[in-house]
Amino acid sequence: MKFRTFGWVQNPSDFTKLKKTVQVFDPKSDQYKELTNHIVKNVIYFNSDRKKLQKKLDKNVSEFTYEELVGTSRNKKNKAPKYRKDAIANSLLQVTILSQSSKTKGKLYTDNWTADGFLRWAVSLNFVSYNREKDTFKITELGKKLSNSDDGSSQEMNILQEAMLSYPPATRVLSLLATSSKQSLTKFAIGNNLGFVGEKGFTSYDEGLMIDWLKSVATKEERNNIRRNIEGTSDKYARMISGWLVKLKFVEKHTNKYKVGINEYISGFQTYSITAKGLHAINQANGLSKNKTKKKFVMWEFLAISNKQDSEQTRDFIRTRRAKIILGLKHHHTISALVNYLKHEGFNMDESMLNSELKKLISFGLRIKIVGKTIKLQDNVFGICIPDQSFVPANADIYLENMKNHYRKITNLPERYLELLDVAFDHNRHQDFEIMTAGIFKDCYGLSSIHLGGQNKPDGVIYNNNFGIILDTKAYEKGYGMHIDQIDEMCRYIYDNKQRDIVRQPNEWWNNFDKNIPKDQFYYLWVSGKFLKNFDKQLKNTHYRTNINGGGLEVSQLLLGADAVMKGNLDVNTLPNYMKNNVIKLVI
DNA sequence: TCGGATGAAGGGTCTGGGTC
DNA sequence: TGACCCAGACCCTTCATCCG
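Sequential numbering from 26 applies to the first sequence in this note's numbering.
Below 27 Å or equal to it, Euclidean Cα-Cα: the simulated DSS-like pairs (lysine-lysine) are:
| no. | residue 1 | residue 2 |
| --- | --- | --- |
| 1 | Lys245 | Lys261 |
| 2 | Lys610 | Lys565 |
| 3 | Lys467 | Lys592 |
| 4 | Lys66 | Lys101 |
| 5 | Lys53 | Lys66 |
| 6 | Lys159 | Lys58 |
| 7 | Lys207 | Lys467 |
| 8 | Lys101 | Lys80 |
| 9 | Lys434 | Lys401 |
| 10 | Lys610 | Lys555 |
| 11 | Lys101 | Lys132 |
| 12 | Lys592 | Lys394 |
Think of the hints as simulated: they come from the structure by calculation, not from any bench. Quantities reported herein were computed from a predicted structural model and do not represent experimental measurements.
Please take these sequences and the hints and turn them into a complete structure.
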């Protein structure tokens, strides 16, 4: 059986198109008639696809398979295209959603990923239901109401608002905004606290770090690049959900300016705040009377998303475990009772792992009250259907989960930084690694930390009034050894910073350091998942060539050090003492 | 910017020739 | 002749940024 993912939606934003998506399942709707009479004939490329879909529409069929709805990515030769803009239309939703370039280029269909997004959106809001056995979709009673409502009517608005209040990630965003009602939030601040925090597929960047980065670059192009291109997946979800809530009048959007000099301002990241209407709605949805509390719609497919390196079995194992936790919460009101129940169901979890899962379910959007050892699910959840099948997680995933849990037990670090244990070994996520490393220095070590990135700049600078560190991060799957070119690179940064010669390095990245740092208090630092034996030579060589001290910090020590600083066991001002051109041990 | 668009990863599936 | 196997090509699903 095919297991799909719902609940997490990337691209869609237009409720008009959502309604059209729902109407594809309603033979009485205008969109269905349009498809039947014109669109399929004119836009579906291959005769075979056209015939197949037209036949169903002519019969007023209202249940379609994933393939008929989302289609695939094929070119005019019916092969997987090298560039996806060469893809032709081959599904109902592709031709229901006009592309962004419909007006400029006359392209009358979207790609399969956006089609998938609209289908996910419709399913996630309970307008369309999914049949797992048949891999088919059809309209729900709620979907029929939406389909039949007049466009732009208050009834339509009501249906959308009500549906959104049943969707946990949206109520999570509303709750976050309600809690910080005095201050509006960026997508980063929301993304940090949304979804299954600390897992792949839910990356989020630190707000302060992103603002500093935006302020640190010199040109408009660089700023546009950061504003346009740098966001974690959770930050993206936060932006999209906030955008929906703006359209439903629950949230307001604000533009911001940041001061970067005397009378010099740059435009910053947008922020969101809750409206009076939004506050009223979330208060009602969370109503004290159980009967009035808005039910939350949750499907098994919402409860974890595919992780690249993890097997699908791991994803589905986690989904089932989370579903069992939610169901267990209905009858078990202490941590130990829930641990026992889960054990009985075949899931061995200790308290710290369960606590972490509960926190993730909270950031997913369920209200779970934890007081001491007692727990209470405050939401009435419906829609969960667990497949009658057991899943076996991959060994590598079990190992990683146990390691993370070990760090949960011995540290008080925010969950999202535990993901460093994974990211540090994944070269595909080097940007994540850079930003998260800079983030932990800021967030947990309490230092100023600016992520730089880009050409001819180190990955970041870390400093306070007393010292400055040039940061470079290296994500290597099997550990980091010696790399001559990277010694050269670091030496260049060290000389850049020593000489501060604008002709030699026009981008002046060193201006990000505090101006009062004594000249002899600059250090270099490599951070990696693991250093191999010959890395030592790299450190000695760098010191020999520059006469500057520095070191290498493995991610495990980065985390333990962060925890020690937060607990007051390590004075951050002693960091320079560890810079002895060795691999550093902050905590033994 | 908003509202998608895009290239890529990597596991899944198909194909077709070889072997029993 | 057909069942089975295996490797490589091709495809599907899903990001994680990217962009008109």
